[in-house]
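Enquirer: If you read the protein sequences in the order shown, they are chains V and L.
In terms of UniProt numbering, the first sequence is numbered consecutively and its last residue is 1051.
In terms of UniProt numbering, the second sequence is numbered consecutively and its last residue is 478.
The hints are simulated quantities; they were obtained by calculation from the structure and are not laboratory data.
A portion of the hints provided could be inaccurate.
[To be verified] Subject to a maximum C-alpha distance of 30 Å in a straight line, what follows is the list of computed DSSO-like cross-link-like pairs (lysine-lysine):
#: 1; chain 1: V; residue 1: Lys389; chain 2: V; residue 2: Lys228
#: 2; chain 1: V; residue 1: Lys763; chain 2: V; residue 2: Lys227
#: 3; chain 1: V; residue 1: Lys267; chain 2: L; residue 2: Lys71
#: 4; chain 1: L; residue 1: Lys467; chain 2: V; residue 2: Lys299
#: 5; chain 1: L; residue 1: Lys200; chain 2: L; residue 2: Lys175
#: 6; chain 1: V; residue 1: Lys299; chain 2: V; residue 2: Lys373
#: 7; chain 1: V; residue 1: Lys267; chain 2: L; residue 2: Lys270
#: 8; chain 1: V; residue 1: Lys763; chain 2: V; residue 2: Lys718
#: 9; chain 1: V; residue 1: Lys227; chain 2: V; residue 2: Lys332
#: 10; chain 1: V; residue 1: Lys455; chain 2: L; residue 2: Lys193
#: 11; chain 1: L; residue 1: Lys277; chain 2: L; residue 2: Lys175
#: 12; chain 1: L; residue 1: Lys270; chain 2: V; residue 2: Lys455
#: 13; chain 1: V; residue 1: Lys389; chain 2: V; residue 2: Lys246
#: 14; chain 1: V; residue 1: Lys584; chain 2: L; residue 2: Lys193
#: 15; chain 1: V; residue 1: Lys455; chain 2: L; residue 2: Lys290
#: 16; chain 1: V; residue 1: Lys584; chain 2: V; residue 2: Lys437
#: 17; chain 1: L; residue 1: Lys270; chain 2: L; residue 2: Lys110
#: 18; chain 1: V; residue 1: Lys610; chain 2: V; residue 2: Lys24
#: 19; chain 1: L; residue 1: Lys290; chain 2: V; residue 2: Lys267
#: 20; chain 1: L; residue 1: Lys467; chain 2: V; residue 2: Lys832
#: 21; chain 1: L; residue 1: Lys277; chain 2: V; residue 2: Lys267
[Said to hold, decoys possible] Listing some non-contacts, in silico: residues in chain V with all C-beta distances to chain L over 10 Å:
#: 22; residue: Gln254
#: 23; residue: Asn255
#: 24; residue: Pro323
#: 25; residue: Ile347
#: 26; residue: Arg365
#: 27; residue: Ala747
#: 28; residue: Phe966
The beta carbon of each residue, even a glycine, is placed where N, CA and C say it ideally should be.
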Amino acid sequence: MRKFLGLLLGGLFLLGTQTFAQDKIVTGKVTADDGSALPGVNISIQGTTRGTSTNGDGEYQISASSTSTLVFSFIGFTSTEIAVGNQTIINVTLQSDVQQLNEAIVVGIAGTRDSKTVGHALQQIGSDKLTFSKETNLANSLAGKIAGVQIQGAPSSSFRSANIRIRGVNGLSIYANPLYIVDGTPIDNLDAVNMDNVETITVLKGASATAIYGQRAAEGVVVVTSKKSVKGRIQVDINSAITLDKVSNLPNYQNEYGGGYSQEFAKFEYNPAIHPAAWQAFEGQNLPDYSADESWGPKMDGTLYRPYYSWFPSNPAFGQLAPFNPNPDNVKNFFDTGRTYNNNVSISGGSDKANFRASVTNLSRNLIIPNTKQDRTYINLGGSYEISKKLTFSTNINVVNEDQTGRPLEGYGQGLTGSFNQWFQRQIDMDILRDYKNPDGSYNSWNINGPENTKPLYWDNPFTDVYENLFHSNSDRIFGDISLAYKVAPGITLTGWVRDNVVTSRYDFRIASGTLNQDGFFTGFNRNRERNYEFLGTYNKTFGEFSFDANLGANIRRNTSQVVNQSTNGGLSIPDFYNIAASKDRPNVNNSTFEREVRSIYGTASIGYKGFIYLDGSLRNDWSSTLPAANNSYLYPSVSGSFVFSEFLQGQNILSFGKLKAGWAQVGSDTGPYQIFNTYAVGNPYGSLPTQNLPDLLPNSVLKPTLSTSYDLGAEVKFLDNRIGLDFTVYSRRNTDQILPLSVSAASGYTQAMVNAGEITNKGIEIAATFVPVRANDFDWTVNFNLARARTEVVELADGLNNYVLPNFAVYSAGSNVSGSSVAFGPTVNAKVGEPFGMLVGRAFRRDENGNRLVGANGAFLFDDNVNLGSYLPDWSGGVINTLTYKGFTMNFSIDFQKGGKIYSVTQMFNAYSGLGEATVGDNDRGVAQRDPVADGGGIRADGVLADGTPNQNYVEAINYYKSLFRLHEAWLYDASYAKLRELSIGYQLPSALLKKAKIRSAYVALVGRNLWRISQPVQGIDPSEIEGVWSEGGQLPGTTTFGVNVKLGF
Amino acid sequence: MKKNIKISLMGALMATALVACEPSDFGDMNIDPNRPSVPVTSNLLTASQQGLIGPITDSQPTLYSQQISEKFYTENSRYGTAQFSFNGFYSGPLANLELIIQLNTDEATKAVAAQNGANNNQIAVARILKAFMYWHMTDRWGDIPYSQALLGRENFTPVYDSQEAIYNSLFTELKEASAQITSGTIAGDMLLKGNLNLWKKFANTIRLNMALRLSEVSPAKARTEFASAFADGVISSNADNVVFAFLADENNDNPWEDRFQTRLDFNVSKPMVDLLKANNDPRLPIFADKAVLTQEYVGMPYGLEQGAAGAIPNGQVSFLGIAMRRQTSPGYLMTYSQTQFMLAEGALRNWISGDAETFYNEAIKASFDQYGVNSGTVHADYIAQSGVAFDASKGLEQIITQKWVALFLNGYEAWAEWRRTGFPVLTPPASTISPSGIIPTRQGYPTTERDLNGINYNAALQGLGGKDDLDGKVWWDK
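Produce the entire structure from the sequences given, and follow the hints as far as they go.
Expert: Structure representation (structure tokens):
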């Protein structure tokens, strides 16, 4: 095999080099119809993928054969074709054309190509559509804009970055991420991308497009291309935006009953054995149940009572009564106005020999959660220098620094919303809580043990949480590349790159002394590096009607990481001294290093005929350090093609463009490091006795690489002068021999075993459409629409295994440590043979043959466990972007949506369980308040039938009814369909005539907004596009609505 | 042209060079630097013994046995969970113990293993601990994987052995292990500090206890095994108690301490407090704290619905006594008091010679000593009270009821004895979450078994009427 590969690749080179000498150099200048020079015009040789572009003076130089035809294209101008013939100087004037829609698109390693020559499934989007609302997060900026791309996992009130899911699920994992590439360098975190610097994002979806990126591209590739300089002049651009966030998506709360478990106030009973003498005066005063963190208490009807703070001796209100009244906006009042300041300056320029672009961006954010701040600085520098006619040096260097204070806790049982939406007393006045520290330095809380013991019981004051239990983190990242390109001869270039992506981060977190939980300090360092050495030889050539391109590449990728995590144990020996040295017991320390390497060589070849048929192929071999030596080499091919059939339909006005495309590819992949050999982990010591454990995961010394195979078939058509465009793709993927830690019966001594197993198929449809409903002199309206459907089915698991329970993580987003408890309260996610992937299995209402819910003799619903409750994956997802321009005004807005799928809400469950939700008040079906005693006509009748088929007539107390729905999964599972107006901007481009005097090149001002209208969502407070998990949430942070102003100036 | 050929040759050479340089060879890169490749038997033993914490400190069985009542979140008191995982036993301590036996048996490793004690002694201790855990497990779940368990890749779907077969095998294991012990000591034994004589007594007392479990299902076998275990020497003083010593260290402290760190969930149950009060029991102040508001000992009614439970203020009921929930409060695995209660029952049944009343009184005294409340005439006064004083006509009820008190917080043992004898008489909650409304008599298998070992799991359910719930009965429960 190895010999064969060597011969093949060597042969490619020999084949290619025989004919290039027929080319000649053609030069010229391109001007616009108004006579001005046009920089940046694309010049390609028809039928090939070769091309160049004009410099700042509109001049170009290209090598082409006399039989070839040059195609001059530039956005906003009609492309022009000129046969070379005998000419060596070709000057061209391009006619402006607002209807022009063709574009050059990024296709990966070999750079850009004219979109019509490409047979891959991919979609590209420019910065105008990405950041019009000043979204600073790459994932969010893509929401609803690319067919088959969905984002998930980040509430808009958190710092977390959402994850991107392309084409649904492709394997036995819900957490797989696509590969992110910025100017050729792979990165591991979207936060590294400065959105002000982005020119285009291309999402490569089909495996024939991604195969050449190797195994990490199995879930697709997101290729980010940065803005480049314009030759010939220095440009300075300033871009500033201020946006403000308001909390906007909270659940509906009840405002009738306050904290407690009983509607009767307890009375203060003076007991000289435990109470100070002065308290005798309090005899008989109304006491709510301070220890309760639920709201089944007395009616908030103004009755005088002793609020919790009236028991703090140092509080001026000590001993005073207050009316028991509702505070409907108490939760809302907790939140601040979030602020984001985004300032960017860039400078670029270039000469014939050199060009550069540098930019600095500062992004400063405060969330709606008090005492949270993130400060990020991006420094980006890119440029190239032509050392000689043949040798060019290029570089991209990016520095990203981030400093963060505060980490809004998410997940069940965490502070903030975990409390407000799950465990709270509805009467609490947030402004009184704001004073969270007593004069004596102790911390107060609404949830005290009682008058005799005013220490917090279950919950700290939420302000204590945000101001005292501090989290800090910072990180420094450097990524980019240097490269040398050597033009061996016209048509042949050899390029070498060294790419690096290094991130060093640290965090610390404290639980303050004197707060509810045992005080402690947690800190960690983490250093990750990915180094890539790349070599690429490119060759292109035209023979008569044929064009030929070939690439030969090699790559060595090495990943290393070092992790040190430490935490105090058993509390702090010196209160308020936040250092590992303060650990009372032996501190917990963990240090780990990881290393892996993949070596690759690959080749691609592309043949075009007469500019309407193109055929591409690739072959790649990887060697991975993580697989057993005998199985660590694997080869995989891809083929794709496109056919521009509209070439044969000239002379009609309906179809302006038509293309068929098809692709087939395989991608092999490896596993994580250290999955092959047995190890015996060191556990917690018992005193001076060390411990070791046989691992729960059984390694496997005969692992093989995984293989996934996929097909794409599609068509692109444009009608009526390109006013209607449709891009339609169907695909099918088959993923076999996946390497996974398969769950096995623990009775074997292991809970998991590394195996090659399973067959998963993933089929789908993607439609991207463009309409131009209005195209008038001053007014244009363009609609971009996309829709996708993805179905994943589990065909086979392992021998004797029909169901695989997916590992339990509530939230998977990078860098988050949300507790998994919401999963503990929820159903499990399963891969069941013969069923759609992502089957939720859990507790359901027991039903009779007619589908009626059955109720037991005690008036509570009966239930069954282990019932299929449907897949969490949606049926359809998509989005619409509208762009309207009128003279200098531009309005953009985007809507995204999904139909179907399921979402499990722990927030909703506890909102009812704890009597906080609106549903827990109001009248029952007898017209009596549901919270009144059953004996008085209150209570709730479970709406179902008894075993004998007669309707249930038993009423149960409201508190017991809602508690009986605890963990009854079906009751808290919602249809995950939603639609949302995510982004809006209204901008004005100032007329250039006005600006000339001020020596300003361009000026633009816009009003922007985000998450303006949640058109529909499963239940108030739960936006499926912002849930913290993939299919569940618990203690979800609330959503926000954002407004702002954006100003852009160019000099 | 020549130049171009040169270049293409160069390219071909480069490609060939790349593939020729053994790209498959990564040296030691995939050797895990973060976890040792070699196991040390003493380290494995300590880790295995940490696996005993659950059996002696779990809260759920203290609810089944109604020693403890939940204050407000009464879902567990009302049997809201049917499925319980045994996975941690197999993949944790049992797998470690199996490895200890293997390392002390294999010719290649036994010499190195012997640095931590004679091979036979290490094997014996590992076998006794394994037997204890399997016994604990089969008493909770019934039939479980045993004969084909712990085989790793050789068998990912082990069959379920009948509880009867497991009991038979465990009796043999414990006898053989005990006989295998030679003089000397072993390293890594945090439980019995390398005292091999105590391991023998522990093994024999487990047999004594197992034999008692068979009193209803197989009285003849019960009698034989009971007498044999007694003759071999059982725990004979509080100094012999098998105690898990929790440390004043967050990673090794008593879980009951953690449960009370930021919460108030567990009260002493009304049946327990009422009994202790009726008998003027000196252990009451140890087991329970006074109610904060009333300064009285008040038991929490067991298993109320939350509407009713919430109406009782925290300050008016007794929470678990502070002495029982310190970081270092000991965890009793097998005690002298418990052994004396067993012997009292054995004598009552005429399985052994001796006076049931003497054993019974000694058992109570041992418990008082264990909790440090036996001074002056406390014991004599206590056993003289009517209701406490031994009465052979209701001897079994008295023995088991007093044992239920002595086993406070050893919920699994108290629950097993209730299942076997029906004592003390307990009333299930008025409104249970489990559909049957009765006190559980077993625990459901983990759901992973249904998915991962389905055929054998379903076969095991045949003996339970096809249902995997809390209501099935294990073999010895007649």
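Enquirer: Check each numbered hint against the structure and report the violated ones by number, ascending.
Expert: When the structure is compared with the hints, numbers 2, 4, 6, 9, 10, 11, 13, 17, 27, 28 turn out to be violated.
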